[in-house]
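Novice: Got chain A sorted already, so can you dock chain B onto it with the hints?
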Amino acid sequence: MLKYRRICSPKPTIKNLDTLQEPTMAQWMPGLIGACCADCAHCRDICPTGAIAKDQSGELEFNYGSCIACRVCIDNCPSKALVALPSIYAATSRDDLSRTYVAGGRGSDTAEKEDHQPKGKSRAIKIFAKSMHVREVDCGSCNACELEIAATGNPIYDAERLGIHIVASPRHADALFVTGPVTRQMELALRKTDAATPTPKLIVAVGSCACSGGLFGNTSVAGAGVDQFVGIDLYIPGCPPSPQAILKNIIKLRG
Amino acid sequence: MALVTNGNSIKDILDMIDGLKEDAVAAQEVLVDIDLPSLRQIASGVIDRLGGSLQFVFAVDERPGSDGFSLHHVFGISARHCFLHVRSEVPTGSLEFPSLTPILPSANWHERKIADMHGLIPVDHPDPRRLVLHEDWPDGLSPLNYDFDASRPVPRVAGEYMFQRIEGEGIFEIPVGPVHAGIIEPGHFRFSSIGEKILYLELRLFYKYRGVERYLQGKSLLGGVLAAERISGDETVANAVAYCQAVERIAGIDIPERAKRLRAVLQELERIHCHLADIAGAATDVAFSAGAAKAAILRERVMAINETVSGSRFLRGVIVHGGLRRDIDNGASRGLLDFADASRNALNELKSSIFDRSSVLDRFERTGALSKSNAVDLAVVGPVARASGIPTDARIDYPYGFYELYPLEIAVRNDGDVAARVRIKFDEIERSLQIIEDALCDIQSGDICAKDTSLPSSGHGLGWAEAPRGLTLCWVEIGDDGRIVNCRWRTPSFNNWPALPYALEGDIVPDFPLVNKSFNLSYAGNDL
Chain A
98 MLKYRRICSP
108 KPTIKNLDTL
118 QEPTMAQWMP
128 GLIGACCADC
138 AHCRDICPTG
148 AIAKDQSGEL
158 EFNYGSCIAC
168 RVCIDNCPSK
178 ALVALPSIYA
188 ATSRDDLSRT
198 YVAGGRGSDT
208 AEKEDHQPKG
218 KSRAIKIFAK
228 SMHVREVDCG
238 SCNACELEIA
248 ATGNPIYDAE
258 RLGIHIVASP
268 RHADALFVTG
278 PVTRQMELAL
288 RKTDAATPTP
298 KLIVAVGSCA
308 CSGGLFGNTS
318 VAGAGVDQFV
328 GIDLYIPGCP
338 PSPQAILKNI
348 IKLRG
Chain B
61 MALVTNGNSI
71 KDILDMIDGL
81 KEDAVAAQEV
91 LVDIDLPSLR
101 QIASGVIDRL
111 GGSLQFVFAV
121 DERPGSDGFS
131 LHHVFGISAR
141 HCFLHVRSEV
151 PTGSLEFPSL
161 TPILPSANWH
171 ERKIADMHGL
181 IPVDHPDPRR
191 LVLHEDWPDG
201 LSPLNYDFDA
211 SRPVPRVAGE
221 YMFQRIEGEG
231 IFEIPVGPVH
241 AGIIEPGHFR
251 FSSIGEKILY
261 LELRLFYKYR
271 GVERYLQGKS
281 LLGGVLAAER
291 ISGDETVANA
301 VAYCQAVERI
311 AGIDIPERAK
321 RLRAVLQELE
331 RIHCHLADIA
341 GAATDVAFSA
351 GAAKAAILRE
361 RVMAINETVS
371 GSRFLRGVIV
381 HGGLRRDIDN
391 GASRGLLDFA
401 DASRNALNEL
411 KSSIFDRSSV
421 LDRFERTGAL
431 SKSNAVDLAV
441 VGPVARASGI
451 PTDARIDYPY
461 GFYELYPLEI
471 AVRNDGDVAA
481 RVRIKFDEIE
491 RSLQIIEDAL
501 CDIQSGDICA
511 KDTSLPSSGH
521 GLGWAEAPRG
531 LTLCWVEIGD
541 DGRIVNCRWR
551 TPSFNNWPAL
561 PYALEGDIVP
571 DFPLVNKSFN
581 LSYAGNDL
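Residue numbers (my numbering), protein chains in the order written: chain A, 98 to 352; chain B, 61 to 588.
If we strip away everything but chain A, and leave its shape as in the complex, we get:
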C-alpha cells in the first residue's frame, strides 16, 4: 500500500510562509509608533481617500480599509511621527479595519508583534481548512490585485500546497476573491457569480478598493466596496496586498 502521508507536505504554518520571502515593509500602511504626534491635521488633509480622521473623543482614527498605501502622509508628516506599520491588517468586519491613536500624544512604543487575528465567523470556515477552491471576480480593480492573487499560485508562494486552488467556475468554488470597488457595470455580474456559488461559501474582499471603494470608489459609476453588494467574510486591505498577505490571512481565518 502506498504511503500518502509521506508525499503530502506537513501542515503549512504561517511561520514557514514567512521564511519564503522577507518583505522590506509589509504594506506601507501608516501608524503612530514611538514618536510624538503634533496633532497638526496635515495627514488628514493630505490623505487622498480620507482614511485618516479624528473622532469625537479626539483620537486619530486610521481606516486601513481605505488606505491605498500611497505613503504621502508618511512622507509629509512634519513631526515624522507616522511610520509604516510592519503588520498586515485584515479583519472579518469593516469596523475592525480601523485603529485609533491618541492625536497629539505619543504612539505606542512597539508595533503589535502579531498581525491582527481575524476572528473565525462561522462553521463554514473550518470546512475549508484543508482544501479551498477559489474563484476570482474582478469588479473594477486596477489589475494589481489580480496580479498578486495570480502570484499566490506561482512556484514561490505555491498556494496549491496549502490546498488553495483556483477554479474556472463559481459553480466549483468554495470561496470568491473579489477585487475592485464594484463598478456599476460589474454589479450584476458580481451578484450572479455570488448566486452561482454554492453555500457554504467564503467571500473575501481583496485590496483597499474592495474593502472601501479605494481611490475611485463611491461615485455614480463605482461602488464603495464589495460589502455594499454581497456579504464579506474577510477583508484584506492593501494597494495591492502582497501574495504573502493574502495567503497569511486566508490561513489564519480558516484555522
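Keep in mind that the hints were calculated from the coordinates and are not lab data. Just so you know, even glycine gets a beta-carbon here, dropped at the ideal spot from N, CA and C. Do not rely on the hints blindly, as some may be mistaken.
Unchecked claim - Here chain B is said to cover these stretches of chain A; the calculated rule only asks that three of the stretch's residues, wherever they fall, bring their Cβ under 8 Å from a Cβ of chain B: (1) 152 to 165; (2) 230 to 237; (3) 263 to 276; (4) 327 to 341.
Specialist: Here is chain B on its own, set in the frame of chain A:
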C-alpha cells in the same frame, strides 16, 4: 510648452511643420486651431503627407465658462518626433462633429467614447452604438459633462446591446465572460463560429469603467499622480511618468539628471515584470507549465527587487511631478546591477526552454497573425505593432527623459503572430536589462526632485511614455488654482483592443486565450 498656431488648410500645417525642423524635438507638441469643417481634409493630409497616425481623440466640455465643446485630435508624427494636436470647436448649440472613422478606422472607439462621455454625435460614424456606457445607462446623461452629478447614483433603465449577428447554417454563438476562467479582468467576448473556426469576434468591454477622468477633475497635482499610478497596475510607472511629464511640460520644470535616469530604471523594471507575466501566461495557455513556472519565478524575483528598490512591488509611490519622491540608494543600485547581470542566463534558459520545443512552436507560430496593414490602419502601438513590422516606440519616436540621448535599438519582427510577439518580449527584456545597467553605471549622486515645482500659470499639455504595452498618452489641463481642470487618458490598450478580432481571423476558438495573452491588453487601462 506647445507651439500654438492657426491653420485651416493642410498646406499651412505642412509649411509650419516643415518650418519646425530641429525645433520640433524641443516642442514635441504642435497645437493647431482649425475650423471643424476642414477636419477631414486636414486629417487625411496629415496621414498621407506627414505619415502621421491618429493616436488620441478627446473632447472637453468648455461650458459654462465658454461655448460648447472643444474637440482634440492628436496625431503622432514619428518622423518629426512630435505630436500634432489639432483643436477645433463644436459650434454653440450643435452637438455634431464629422466622424473620421470612414477614412481613419483608428478613430472608431475614440469617437464612440466621446459620444458616450459628452453626448456629442459623430456624423457618418459607421457604428454609432454605445461603447463605454452599457445598455442600462439612461439616455442623455453624459458623465464627463459639467452638469453631470458624479456623486448621485444613476438609475438603471431597460435596454439591450445589439451584438453583430452572423447568421447561416452551422453558425453558432459562444458568449464568454465577463467573469472568466482564469484570474483575469472582466470583459465579454461573443464568438460567432462555425465548428471551431472563429468567423467573427465581438468585444464588449468597459465593465470596469470607474470614471477615472471624471475623478481627476479638481484634484491636486499630487492626487493626479496617485490616480495615474492606479489606472492600470502593471503600467503604474509608465502612466505616472506620462502624467508627470505633462505637468512638467506645462510648468516648464526640468527634472534633475539623476531623476531622469532612475525613472528610466523604474520604467524598464516595469517592462520586465509585465513581459515576464505575459510570457508565463503564454506558456500556461499552451499547457507548457514548466516554462510558465520558470517565467513566474523570474518575475517574482523582479517583484522582490521592485520592493527593495521602492518599497512597493508595483513601484508605486516613487514618481512625482518634478522628479522622484524617494531615492534609490547605492545598495539598491548595486542589487539592481547584480540582478541585471544574473538574469541574463536565466532569461536565455527560459527562452530556449520555450522556443526549442516543437509542441510550443506548433501553437505559437502562425497563430493570431495581425497583418501590418491592419496594424497601421488601427494605429496599433507597442510590442503588438513591433511584432507586425511597425518600428514604433515612444522612446525613439517621441524621445523623453533619459531616452533622449540613449541609443536605443528596438526589436521589430514581421510575422505578426504569437511567436513574434513572445520573441519581441524576450528581446525587449534583454534591452531593458541593458538600459538599467547603462542608466546606473555612471549615475551621479544629486537631487532627485526639481527644487521649484511651483506652477507659473495655468496651461495644458500632452504627456506620454512607452508603457510595457506601448505608447500611453495623457492630456492635462491645469487651472489658475494649480489643480487639475481636465485630464484625459489613452492607454495603449485602447488602441490595441480593436485589433484583436483581426488577429483572430481564421483561428480556432481554443487559440483565443493564447492570442489574447500575447496581446497582453489591460482592461482597467482601457475602461478607465
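Novice: Evaluate each hint against the coordinates.
Specialist: Consistency of the hints with the structure:
| no. | hint | result |
| --- | --- | --- |
| 1 | 152 to 165 | violated (count 1) |
| 2 | 230 to 237 | holds (count 6) |
| 3 | 263 to 276 | holds (count 4) |
| 4 | 327 to 341 | holds (count 3) |
Checked against the numbered hints given earlier, the structure breaks only hint 1 and satisfies all the rest.
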